[in-house]
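Position chain B against the provided structure of chain A, taking the given hints into account.
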Amino acid sequence: MADTTTQPIAQRFVGESVKRSEDVRILTGTGSYVDDIQLPGMLHAAFLRSPLAHARILSVDVSAARQLPGVVVAMTGEDVQGLLAPSAPSPGIFGPAPVKFTIVATDKVRLVGDPIAVVVAESRYLAEDALQLVEVEYDELVPVANTDQALDPTSTPIFEDLGSNVISAPTTNTFGDVAAVFAKADRVVRATLRQHRHQNVPMECRGVVADYNPDTKALTVHGSNQGVGIAKMVMSAQLGLPADKVRVLCGDICGSFGLKIGAAREEIAACALSKARGRPVRWIEDRNEHLSSSGHAREETLEAEAAVTDDGDILGLKVRMVVDTGAYPGMGGMIGSIVQGMLPGPYSLGALEFEFAAGVTNKATYVAYRGPWAAETFCRERMVDIIAKELGLDPVEVRRRNIRYQGDNPGTMITGRSLVGATARESVEKMAELVDLAAFRARQAEAREEGRYLGIGMATYIEAAPGPRGGGGMGNETMRMRLEADGTLTVFTAQMPHGQSHETTLAQVAADEFGVPFEKVRVVAGDSDQVPFGFTGGSRAATMAGGASLHTARELRQKVLDISSHLLEASADDLEIVDGRVAVKGVPVTAKPLADIVASASEPGRLPEGLDATFEVARSYDGGEGGWSGGTHCAIVEVDAETGLVAIERYFVVEDCGKMINPAVVEGQVRGGVAQGIGAVLLERSAYDDNAQFLAGTFMDYLLPTMTEVPRIEIHHLETIPLDPDVNFRGVGEGGMIVAPPTICNAIEDALAPFGVEVREQHLPPLRILELIGAID
Amino acid sequence: MTEPLDIQLVVNGSTRQAKAEPRRTLADFLREDLGLTGTHLGCEHGVCGACTVLVDGDAVRSCLMLAVQARGATVTTIEGLASDGQLNDLQLAMRDSHSFQCGFCTPGFMMQVTALLVDNPTPSEAEIRETLSGNICRCTGYESILNGVLRAAAAREAAESSH
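Residue numbers (our numbering), protein chains in the order written: chain A, 1239 to 2015; chain B, 17 to 179.
Among these hints, one or two may not hold up.
[Stated by the list, open to error] Computed from the model, here is a short list of chain A residues facing chain B with C-beta under 8 Å:
id: 1; residue: S1255
id: 2; residue: G1267
id: 3; residue: T1268
id: 4; residue: G1269
id: 5; residue: D1490
id: 6; residue: I1491
id: 7; residue: G1493
id: 8; residue: D1524
id: 9; residue: A1913
id: 10; residue: T1936
id: 11; residue: F1937
id: 12; residue: L1942
It is worth saying that the hints were derived from the structure and are not from the lab. Cβ atoms here follow ideal geometry from the backbone N, Cα and C, with glycine treated the same way.
The shape of chain A in the complex, shown without the other chains (with noise of 0.2 Å):
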């Protein structure tokens, strides 16, 4: 085994801000998304999609439509169904779903935007016109429209086989000994929080181009997904194809943050469509799908009690959370294991009663968006500040009191996980630093004289990505690379980068660690044919990914080393390389190319039989000893008494990301994600009336945040004491629209604290705090 701990190489483009390789096409408009993709004889399929939110199906027609020229199938549910894999099963998102359904709705829709019958035709106009030509017969159904009717037994089940519309029973696990630290309080503080609807919102809709060759019974799927291995896993056992006849790839895809996972029913439809007819066929979702049926998130209500005592010390929590997961198998019910896990956050709690329920409804899916499990930042940081003010408390003393220091003994959380190298504590204090608080709080009432409304708020955070180790982590990450003839070093990723700069990222560590220029490293994602199983989310990137990077091209750095080291007749611990050439340490004029090395290895007689000469290496990373990526967020605010709009005057974020690989990625995540964090609390809610009819299915009823609503995000960045000798950087994907939306209501909270206003939900827009100050009704 050869020695692979080396010298480090000086790292020339490790945390540097290295400009994107993925830009030159993006700007050029030259990217190659899944609406991109144009194949000889493509068809164009669209599903009709019910109206209703809950009713049977008692006929379905397509016969009109399928005489209109230039509709080449029109199909039934059942018709779609039979073109599927006997046994497979409903696809849920990560593996079957607990209930039974159709691809395509046959006995009953369960939301508005189920589909209930699919056109293919040779264009997506025709195929849109003849949907209208699809008559539909509905019984229908009262529908379940929030989880007080879903937990209520007597509700008419969404899902028959489920027998109601309880998907998780309340279940209870407790952590430390909760009556005892409840009998110590001096009080309990109690609030229900609430946090709603909304949606992750990629600008790119969900879509496909299914390929099906009838000659060599292949399936190639074009698509626009997180993980092309889970797509394809999903698509073989659904279609009934061996694993060797599909084939996912994925080009350029916009934002998903959570959404595009697995498979969805409309790109399983699609490719039963391409296999049954041999024709190519591509399905792009258009925007009153999207924010109908591609799903939701967050809809979540949680009741607080927390046990303080006067002195403002946190000594406990109980939380009953619910969660309203819509109608078909999402992420919904497996939410709470880890808002449990983590509601501790890294505040030093001596126990812990958590409840957990989640019921069926009739509305979109619920889905993993951005920091799935918020809900417990949320909460906790909500409760800090409502005990704080319950106390008479600064909410920054509460949070002295009951988070600690890194160089303390980290402790442990309540639910399990060591606290070490969480650096909370550091953000809050620099945090304090950076707001001057006592003049902020001058100006505050100077303002409020001039009938001004000013308020500041701050929330803390810490996110496992990946977590120390020893607490469950991310599993392993793998990664291929390959020396190619040209001396270009090829980096085969399980990533499936849609915004996050993998392409540059992954290369930079990559040719820091091999000794080749960055321009020498080509990253490849987005083949199932190619690269390693595996998918992008939950911050896994930057630990597990560059992780696998730079442990990979230690690797097969290693083994041409091993290699130059025949063909140099030098020992491999002499040699290095530098620049993309292999030289014998400190002499330069014995450098040869590795182009040259490449080469030479396979001229006969040159490497003792039974070497190794293959220049390529794969190998999995375990996170090493991980840790956690974690900050605080300030902001400060105006609240328009006559109008109810905030306007964000100053948002300050301290984050820790442990070693940055490249600045300006690390800071373009953390304001998209503060982006999305504005968003939720100021404009946007995946509406549904009382009746579970959709209301929000446009941009104009959907409202994103845009340049004039988001403020200039001053970030100062810590760095945690490193854990790992050689893989320090930490996730940053999910942190900003995870503490954002506390953050925000706190600052709103603060500045209407004349109104004597308390605020117990996320969404905050005009209407409801004119609401909440009481100058509406």
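Okay, now just chain B, sitting in the frame of chain A:
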């Protein structure tokens, strides 16, 4: 009348011709019939701005305009910004500012900014925010785009003053 009509226009300096039904949007015509897929469709109801192109110099939403309405017009899309394989000054400034992430909204921003900098070569930050408030980006939080526009304007001003 649904018969396809001949549509001739100048796109990115070249005369292009194709047939299209009267109901076909300019966006679909550019993307599907002319193969210029750099223009993106984010909402198809005129709010997100991803499909913005220049028609006779004006920034327009190509999802809200019919192809037939562009007959005889001069259209510029994102594919028309670079020349001879070289990024133009705006593209360079946006790249240097790490302005974009996934790139889907990029064509709309690039064309809207191209029009802005013709009308107002030295826009203030407030003017940039106002002009770009009709373009939605879901990834960046906008600050990097703002910085890119300021950088492009400064670079253009510097280039002009050195002539």
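Agreement of hint A:L1942 with chain B interface, Cβ distance less than 8 Å: OK, holds: A:L1942 within 8 Å of chain B, min 5 Å.
Satisfaction of the A:D1524 interface hint, Cβ to chain B closer than 8 Å: This hint holds: A:D1524 lies near chain B, its Cβ roughly 6 Å from the closest one there, short of 8 Å.
Per-residue hint verdict: A:T1268, partner chain B, C-beta under 8 Å: For A:T1268, the interface hint holds, since the closest Cβ of chain B sits about 7 Å away, which is under 8 Å.
Chain B contact restraint on A:G1493 - CB to CB distance below 8 Å: This hint holds: A:G1493 lies near chain B, its Cβ roughly 5 Å from the closest one there, short of 8 Å.
When the least beta-carbon distance from A:S1255 to chain B is tested against 8 Å, hint result: Hint holds; A:S1255 Cβ to chain B Cβ min 7 Å, cut 8 Å.
A:F1937 as an interface hint toward chain B, with CB separation required under 8 Å: The hint holds - A:F1937 has a Cβ within 8 Å of chain B, the shortest such distance being about 4 Å.
Residue hint A:T1936, partner chain B, criterion CB-CB below 8 Å: 6 Å, holds
Closest C-beta approach of A:D1490 to chain B relative to 8 Å, hint status: 6 Å, holds
Cut-off 8 Å, beta-carbon criterion: hint that A:G1267 touches chain B: Given a least distance of 2 Å, the restraint on A:G1267 holds.
Cut-off 8 Å, beta-carbon criterion: hint that A:G1269 touches chain B: 5 Å, holds
Residue hint A:I1491, partner chain B, criterion CB-CB below 8 Å: 7 Å, holds
Closest C-beta approach of A:A1913 to chain B relative to 8 Å, hint status: At 4 Å from the nearest chain B Cβ, A:A1913 passes the 8 Å test, so the hint holds.
Hint compliance for this structure: every hint is met.
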